[in-house]
Amino acid sequence: MNRKRLNIIYLSLITMMVLFLALGGVFQLGTAGSHTVNAESAAVPSSGQKKKLVMGTSPDYPPYESVDAKNNGEIIGLDIDIAKYITSKLGYELEISSMDFNGLVTALQSGRVDFVMSGMSATDERRQSVDFSNTYYAARNTIVSKKSAVLETEESLSGKRVGTQLGSTQDLYAETIQGAVLKKLNKIPDLINELNSNRIDAAIVEDAVAIEMTAANPNLTMSFLPAESAENGYAIAFPKKSTIVNDFNGVLAEMSESGQLDAIVQKWFASEKDESSDKLLNIDFSILKGYIPYILKGVYVTLLFTLVSALFGLVWGSILSLFKISGIKLLEWFATAYTSVFRGTPLLLQLILIYYATPQILNYDISALMAAGLAFGLNSAAYLSETIRGGIMSVDKGQREASIALGIPYRKMMVRIIFPQALRNILPALVNECIALLKESSLVSVIGVTDLMRRGDFVRSLTFRSFEVLLFIAAIYYVLVLILTSFARMLERRLRRSD
Amino acid sequence: MIEVTDLTKTFGKNQVLKGITTTIERGEVVALIGPSGSGKSTFLRCINLLDTPTSGIITIDGTPITDPKADVARTRQRIGMVFQHFHLFPHMTVMDNITFAPTQVKGMSMEEARVKATELLARVGLSDKADSYPSRLSGGQKQRVAIARSLAMEPDIMLFDEPTSALDPEMVKEVLNVIRGLAHSGMTMLIVTHEMKFAREAADTIYFLDDGKLVERTKPEQFFTKPQSERASRFLEQVL
Chain A
1 MNRKRLNIIY LSLITMMVLF LALGGVFQLG TAGSHTVNAE SAAVPSSGQK
51 KKLVMGTSPD YPPYESVDAK NNGEIIGLDI DIAKYITSKL GYELEISSMD
101 FNGLVTALQS GRVDFVMSGM SATDERRQSV DFSNTYYAAR NTIVSKKSAV
151 LETEESLSGK RVGTQLGSTQ DLYAETIQGA VLKKLNKIPD LINELNSNRI
201 DAAIVEDAVA IEMTAANPNL TMSFLPAESA ENGYAIAFPK KSTIVNDFNG
251 VLAEMSESGQ LDAIVQKWFA SEKDESSDKL LNIDFSILKG YIPYILKGVY
301 VTLLFTLVSA LFGLVWGSIL SLFKISGIKL LEWFATAYTS VFRGTPLLLQ
351 LILIYYATPQ ILNYDISALM AAGLAFGLNS AAYLSETIRG GIMSVDKGQR
401 EASIALGIPY RKMMVRIIFP QALRNILPAL VNECIALLKE SSLVSVIGVT
451 DLMRRGDFVR SLTFRSFEVL LFIAAIYYVL VLILTSFARM LERRLRRSD
Chain B
1 MIEVTDLTKT FGKNQVLKGI TTTIERGEVV ALIGPSGSGK STFLRCINLL
51 DTPTSGIITI DGTPITDPKA DVARTRQRIG MVFQHFHLFP HMTVMDNITF
101 APTQVKGMSM EEARVKATEL LARVGLSDKA DSYPSRLSGG QKQRVAIARS
151 LAMEPDIMLF DEPTSALDPE MVKEVLNVIR GLAHSGMTML IVTHEMKFAR
201 EAADTIYFLD DGKLVERTKP EQFFTKPQSE RASRFLEQVL
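Line by line, the protein sequences give chains A and B.
Per this note's numbering, the first sequence starts with residue 1, numbered consecutively.
Per this note's numbering, the second sequence starts with residue 1, numbered consecutively.
Keep in mind the hints are simulated off the structure, nothing from the lab.
If you're wondering where the values come from, they're calculated on a predicted model, not measured in any experiment.
There could be a bad hint or two in this list.
Claimed, not checked - For lysine-lysine, the following BS3-like pairs were computed, each having C-alpha atoms within a straight-line distance of at most 27 angstroms: (1) A:LYS439 with B:LYS116; (2) B:LYS13 with A:LYS412; (3) A:LYS329 with B:LYS129; (4) A:LYS329 with A:LYS84; (5) B:LYS69 with A:LYS412; (6) B:LYS226 with A:LYS397; (7) B:LYS219 with A:LYS397; (8) A:LYS240 with A:LYS329; (9) B:LYS129 with A:LYS397; (10) A:LYS412 with A:LYS289.
Said to hold, decoys possible - Pair ranges (Cβ atoms, derived): (11) A:LYS329 with B:THR10: 18 to 26 angstroms; (12) B:LYS106 with A:LYS329: 49 to 57 angstroms; (13) B:ARG136 with A:SER340: 39 to 47 angstroms; (14) B:LYS106 with A:THR345: 20 to 28 angstroms; (15) B:PRO68 with A:LYS329: 50 to 58 angstroms.
Ideal Cβ positions, reconstructed from N, Cα and C, are used throughout, including at glycine.
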């Protein structure tokens, strides 16, 4: 029996090693979250190396930052131009890392990025956790409401339902409005939807955003509020005690003196919306024109991610299931505890924990795709280990006896005799798991992986229209699931050819 | 030569073998007979350590296989076993069933294994079924493939655990004929069976087991004409 136990451990170690090597390879190919702007210095290695600064931004806030979805998917905008100008002045190479707005401060604290520019205002609350540069732009707060029920002043908002973007300057301002019932949402397009659905009466956003919102949605109108104090303007955020704040302030001052700053602002505010459609139709799929190739590229990310997590989950789940039937108390206990923890906590929470905690605890800068693959794989392994254990138990005991009697070693017996039969029994359950993974993969957008869902969010923020994009994305997911299902049916037929 | 000394086997509180001592000569064909629950199958399964003996010693050609340090895998390679319910690998063709162990365990080349398997299939009369899956075979055909699969490992000893008990009556004969063909070819064979006529014709020695003990060990002629024990004669009265 000792030999058998050793075999289990040996088998597990080998598989895990192979798996991690394979994962490493895939993730190096798939670091889609960030890209280096200065391409030449990336191509030329050691000689004359520039120091690199990583900037975090949430590119769903045009004109400050957005994804150039109609062209190459690069991140562009007012903030980006300023950042490029400053870093090149200071002799740094700039790398842009895209993530969700709510994760930006965490990213600074965990050292994942060196600074953040994302239309972020320097509030007192944020100052507790990060340092800010001087402000480079102050926006006006603006009320957006329906043309059928216009709201123009702060006083008129009393007793009304008012929507804001969570964590924005306007969110803080809205807190001070007497009698307003606040509803905080994650994205600007969500605000538009809520307005159109009459779930809120008004949204408070900044002027540049309001202009685009009303241009894309003719049933909406805007009213500017008196200018806020410049204290709360947009500023560049740094980790506490960062040494580069003064350098940045220096360049900002110089830019504002030379008129460079105004030039950049003018460029982004002037070049807006000449093509907005006047159609009053609620749904107009023509707005997707030009964005489709960008969205479709997300299919690759979503599929790559699903494949990696499914493979990782299957292999790790198989190992866990072997632990569970090993007869070794310690391994059994471990596998059971593991399953209990990973089934007992939300996947989203595991994902965020792994992504943000790994750099701080292990001092290893885990890529978003790897964090996501890990979280989903670990989670799905917990479920699969139970399924696979059931599958193994369902294989006739005689198969094991016949193998033993023929002198087939434990490992070969498991891999060649028992697993193939178990697999056949649990195939429908595995297909379910894959479909679930494919759809759940949309969760990765919270840590900035540009999968289908995330790309949809970007396009929503660019077009200020939601339904068209969401329906299109839903259709793609559905088609992917259909393909997966028919692929599974083919596989099942193949496995059943021995019947 | 298999020497068994004071072999016992206990499952929980139930002692199934209560001290069996015997010697089986090389090439000897032994038929194990007795009422159900008498320990015949357990005795067989102890010989290739599918069941671990509770106490007692088994040696094969002088090697004590019950020794904790014994090479179990090596012992099992020398012993073929045929089960009541065949236990063919359902996801493999007949050919793959037969060639799997020789190529994977003994390291035989695939070509050699296939030649050998083709030979064996001819010997059990199933040359045309090489590419079939087990689910396409009748019970008797499955059992003949199972025998070929065991023979492919070229064992010195073959164990048959009620090889015809799960078969429809019309298929018993084809399987027994194959087994009969193997007898007296130099291979030691132990056969647990309820086929009295077959035991009488094919076996060199009859072992009559009852309640975990080896009650009688005689030539077939003597056993079937004048059994020595009262229990054996009562058993024969019931089955004949």
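Verification of the hints:
Under the criterion of a C-alpha separation no larger than 27 angstroms, the hint pairing LYS439 of chain A with LYS116 of chain B is inconsistent with the structure, at around 51 angstroms. In summary, the hint linking LYS13 of chain B to LYS412 of chain A is not supported, as the alpha carbons are separated by about 34 angstroms, beyond the 27 angstroms threshold. Proposed proximity of LYS329 of chain A and LYS129 of chain B is contradicted: the alpha carbons are some 45 angstroms apart, above 27 angstroms. About 58 angstroms separates the Cα atoms of LYS329 of chain A and LYS84 of chain A, which puts this hinted pair outside 27 angstroms; it is violated.
With a C-alpha separation of about 22 angstroms, the suggested pairing of LYS69 of chain B with LYS412 of chain A holds against the 27 angstroms cut-off. At most 27 angstroms may separate the alpha-carbon atoms for a hinted pair to count; LYS226 of chain B and LYS397 of chain A exceed this at roughly 41 angstroms. For the given pair, LYS219 of chain B sits about 36 angstroms from LYS397 of chain A by alpha-carbon distance, which is inconsistent with the 27 angstroms threshold. The hinted pair formed by LYS240 of chain A and LYS329 of chain A fails the criterion: a straight-line CA distance of about 48 angstroms is larger than 27 angstroms.
A C-alpha spacing of about 26 angstroms is found between LYS129 of chain B and LYS397 of chain A, which places the hinted pair at or below 27 angstroms, so the restraint holds. A C-alpha spacing of about 54 angstroms is found between LYS412 of chain A and LYS289 of chain A, which places the hinted pair above 27 angstroms, so the restraint is violated. Between LYS329 of chain A and THR10 of chain B the beta carbons are some 24 angstroms apart, a value that agrees with the proposed interval 18 to 26 angstroms. The hint said 49 to 57 angstroms for the Cβ distance between LYS106 of chain B and LYS329 of chain A, and at roughly 35 angstroms that hint is violated.
For the pair ARG136 of chain B and SER340 of chain A, the supplied restraint of 39 to 47 angstroms holds, since their beta-carbon distance comes to about 44 angstroms. Between LYS106 of chain B and THR345 of chain A, the C-beta spacing of about 49 angstroms breaks the proposed range 20 to 28 angstroms. At roughly 22 angstroms, the beta-carbon separation of PRO68 of chain B and LYS329 of chain A lies outside the given 50 to 58 angstroms, and the hint is violated.
Violated hints for the displayed structure, listed by number in ascending order: 1, 2, 3, 4, 6, 7, 8, 10, 12, 14 and 15.
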